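One point on numbering: in numbering that gives the first Met the number 0, the residue at position 53 of the sequence shown is 52, and numbering is uninterrupted.
Simulated from the structure, these hints should not be mistaken for laboratory data.
Errors might be hidden in some of the hints.
Claimed, not checked - Derived BS3-like pairs: lysine-lysine, alpha-carbon spacing no greater than 30 Å straight-line: (1) K3 - K277; (2) K69 - K3; (3) K277 - K69.
Stated by the list, open to error - Simulated restraints on C-beta separations: (4) V121 - Q78: 20 to 28 Å; (5) A159 - N16: 33 to 41 Å; (6) R4 - Q286: 33 to 41 Å; (7) R122 - L228: 18 to 26 Å; (8) E111 - S74: 29 to 37 Å; (9) R177 - P265: 17 to 25 Å; (10) G278 - A248: 34 to 42 Å; (11) G204 - N179: 21 to 29 Å; (12) R293 - N179: 35 to 43 Å; (13) L202 - E178: 26 to 34 Å; (14) T57 - L2: 16 to 24 Å; (15) E41 - H116: 43 to 51 Å; (16) E65 - L202: 35 to 43 Å.
Note that this is a predicted model, so its numbers are computed, not measured.
We treat Cβ as the ideally placed atom computed from N, Cα and C, and that holds for glycine.
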Amino acid sequence: MDLKRLNHLVALADTRNFGRAAVQCHLTQSAFSRSIQAAEEEMGLQLFDRGTVEARCTDAGEFVVERARKLLFESRCLQRDVSLYRERLIGDLAFGVGPYPAATMVPPLLTEIRSQHPGVNVRVEVNNADYLAAHLRAEELDFYMADLRNVVAAADLDVARIARLPAGFYVRSGHPLRENPNITAAMLLPFGIASVRVPESVLLGLGARMGLGEGKRLPLVVECDDLSLLKSLAISTDTVIGCVDAGTALDVAQGQLVRLAVVDVPTQFADIAIVSLKGRSYSLMAQFAVDSMRRQAQELIQPVT
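Please build the complete structure, drawing on both the sequences and the hints.
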């Protein structure tokens, strides 16, 4: 059974249609059908039930397709690694990040790459963990970084925590709350709280601290994964934003934002992790990027004063 034929089986399982699968595999429909039939004859199994509208995997088909996916993945990894080894190329880089790494670790990394490796093309996806995981599994990304609590554990993923970044509540310098010496969590609610996508456990914990009751999550008036938009909102309105300290360091230094000392809320954290596909080695450029961001993460651990 050659890999090309296994790829045909996977394509049919995914599309459930001979015509669409044939187009995806760049074959005529008749040639594609012969390939599927030859696979079934070679294995002595009926792999697909042919309906009038779609083709579905039989139990035997699901068994074979699941293993075919693994073989095809390993084959692509081998081809990629052999190419990197043979050509000694650093290669291009594609990775994903959540909003906090995008605002804190990515800018110096890009500066480093452009200075030291100007021939490398870099693609950065800034999005939520679910989106990034899907594109990682599609092998469109070398790795991604996100809050560990937003990463769904799975057997095909390697997850490595790199830092817990302290976070807090921030407002504009002339905010009415600054007139009160003892700010409580409940006092933030009337002004509205905005943040990036926050783990459900954190929202529930903050909801309880703000007197909303057990099982009531903190309501966010704005949820946005673009940190620059959130900071702009806080600077121009009385909205309170939740943010990692490192993401607002420059704004605090310039006097535009101030960190609130909320007496009944302990320091919050963004638990940053690097996620990659299990069994897939990093390219030299990806390893360079991962090492660089690990160093930066350690430098950001201490809260801004």
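Here's how the hints hold up against the structure:
no.: 1; hint: K3 - K277; verdict: 23 Å, holds
no.: 2; hint: K69 - K3; verdict: 14 Å, holds
no.: 3; hint: K277 - K69; verdict: 12 Å, holds
no.: 4; hint: V121 - Q78: 20 to 28 Å; verdict: 22 Å, holds
no.: 5; hint: A159 - N16: 33 to 41 Å; verdict: 40 Å, holds
no.: 6; hint: R4 - Q286: 33 to 41 Å; verdict: 34 Å, holds
no.: 7; hint: R122 - L228: 18 to 26 Å; verdict: 22 Å, holds
no.: 8; hint: E111 - S74: 29 to 37 Å; verdict: 33 Å, holds
no.: 9; hint: R177 - P265: 17 to 25 Å; verdict: 21 Å, holds
no.: 10; hint: G278 - A248: 34 to 42 Å; verdict: 38 Å, holds
no.: 11; hint: G204 - N179: 21 to 29 Å; verdict: 23 Å, holds
no.: 12; hint: R293 - N179: 35 to 43 Å; verdict: 40 Å, holds
no.: 13; hint: L202 - E178: 26 to 34 Å; verdict: 28 Å, holds
no.: 14; hint: T57 - L2: 16 to 24 Å; verdict: 22 Å, holds
no.: 15; hint: E41 - H116: 43 to 51 Å; verdict: 47 Å, holds
no.: 16; hint: E65 - L202: 35 to 43 Å; verdict: 36 Å, holds
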